[in-house]
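Peer 1: Sequence:
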Amino acid sequence: MSDPGLPLDEPRVDFDRRLSDLVHAANDVLATQRRLRALLRANQAITAQLDLDSVLRSVVEAARQLTGARYGAIGVIGEHGGLDRFVHAGMDEAHVERIGRLPRGEGLLGAVITEARPIRIPDIGADPRSVGFPDGHPPMHDFLGVPVRVRGIVYGNLYLSGHPDGAFTDEDEQLVRSLAASAGFAVENARLYRDVQRREAWAAASAQITARLLAPEEGDALPLIAERTRQLAQAMSTFVLLVADDPEQVHVVSVGGADPNGVAGAIRPLSDTLATEVLRTGAPRRFEEQDLRDLGDARFDAFGPVMALPLLTDDRTIGTVVVARAPGEPAFTDADLAAAADFVGRAAVALELVRVREQADRVLLFEDRARIARDLHDRVIQQLFATGMQLQAVLGTLDAGPNADRVDAAITSLDESISQIRRVIFTLQSPGRTTKHVTGRQRLIDLIERRSAALSVEPSVTVTGPVDSVLDGDLADDVLAVVGEGMSNAVKHAAAEDIAIDVAADARGVTVTVTVANGGRAPTDGGRRSGLRNLEERAARRNGSMRLEPEDGRTVLTWSVPVNGDDDA
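In this note's numbering, the protein residues as written are 840 to 1408.
Source of the hints: derived by calculation from the structure; they are not laboratory data. For every residue, glycine included, the Cβ atom is placed at its ideal position computed from N, Cα and C. Do not take every clue at face value.
Ranges of calculated distance between the beta carbons of each label pair, as one might list FRET restraints [as the list claims (entries may be wrong)]: (1) Asp1085 - Gly1392: 50 to 56 Å; (2) Asp1207 - Arg1138: 48 to 54 Å; (3) Met979 - Ala1097: 34 to 40 Å; (4) Phe1205 - Asp1173: 28 to 34 Å; (5) Asp1214 - Arg1138: 56 to 62 Å; (6) Ala887 - His934: 29 to 35 Å.
Construct the complete structure from the given sequences, taking the supplied hints into account.
Peer 2: In structure tokens form, the structure reads like this:
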């Protein structure tokens, strides 16, 4: 046994030191192997994910586990160079609420974006690129930022802070760089899978909309288009805008989801919308949230990213669908824009097919009505008229008495039947209310039908000439006022026994005649006189005339104006 008071042999000391170094190196190798195995497991877990949100969260958690970092995040870069999306871990909800808005890519976060290379520093506060932290942010000292590339393009950046030893090592950086490379492949796969799923969903929705539109019992499909577009685009709001009669205006015909500015049903100047360029070029367009803020219009502050999609037919753009996400939501991608534009385009084609089908149905309906009207006029009325003439001849051979009275009553009944059939013919020849523009003829029929309910007799109506082309705008209003006043006189002040309304139009002018069989008693009421003065003034403004006079036991109101006789006043 050696004397403990004597110094150790130098070889023994050197051996112990080398053995200790070997043990430390072996431990480092084992630790590295454990970290490499953890990296392999993380890579497998990440690349097995197909949901993009899950991939991003998994990457952040894997980076924290590999390095022991307390805080981790991945920021997705938007078109404007800032952070469009920020997925973070390690910070409790209380801190998140106190901080408020998510980072936009300034300071060291922005440095990783602009330099597109790893940045590792031990003290954030000492770096000149740092811009500090917002109020409520927990303290952070060390920092590691690594770009995540997809097909050679920087997709986003992985950020870490809070290393257990106070600073990240070169080995930490190498591990995170390897993880970022795997994350790039996983992100690409998830994006491709997401795009395939979305295309399939858009295609299914397109088939649904087309089937709904082309169904015989289809209703208004625009609300369905708005809602399905909103759902598939994962948006907050969808607005369907159709070009108004004035091409510089649009009509907000349907809204899906939120309507923060209350524009549903409104007609707005085209310049006040995001659809101006889309309607003029027929090309879809997307806006990032910053694009809207740059416009400086407070009405757009309620919206985040936006897509404007044209409703295109063969020869024109009939409207646009504007899709908006909430502020802070991810921007729409090129794939989103292409899929949504294709869906809306197919919906526009279906809408055009429906319009053509409805137009063809209306043509068939009008042709059928015209045939029925011709048959009634050429056959039924003529037969009734001939029968009436025969009865008139028979009546002339009868002596006064019950038989003569019955024949006379039959003749009167035939006259009434002829008058009613003429009314039916008149209605059949008028365009239906399904047309976008209600004609003067239809307005006249509507007025007579409403006023006839108060009459004791059914008025006979005769309309001749190109009434639909002549009666338009203010002239139609004047003609309706004349007919309405004439019928009102018959109802209240003329004890009408029979009423005949005749409206005749030609290239020179319009003449309205309302004849009331009342024994020649003209209305005397002051209110009615006021109404008649109104008709006189309407005629005078058009260089026309108005007369009300008795004639053979009847009161005849005649109102006549030239077609182009408007006075300068």
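Peer 1: Next, verify each hint and record whether it holds.
Peer 2: Right, here's what the structure says about each hint:
no.: 1; hint: Asp1085 - Gly1392: 50 to 56 Å; in the structure: 52 Å, holds
no.: 2; hint: Asp1207 - Arg1138: 48 to 54 Å; in the structure: 49 Å, holds
no.: 3; hint: Met979 - Ala1097: 34 to 40 Å; in the structure: 37 Å, holds
no.: 4; hint: Phe1205 - Asp1173: 28 to 34 Å; in the structure: 48 Å, violated
no.: 5; hint: Asp1214 - Arg1138: 56 to 62 Å; in the structure: 59 Å, holds
no.: 6; hint: Ala887 - His934: 29 to 35 Å; in the structure: 31 Å, holds
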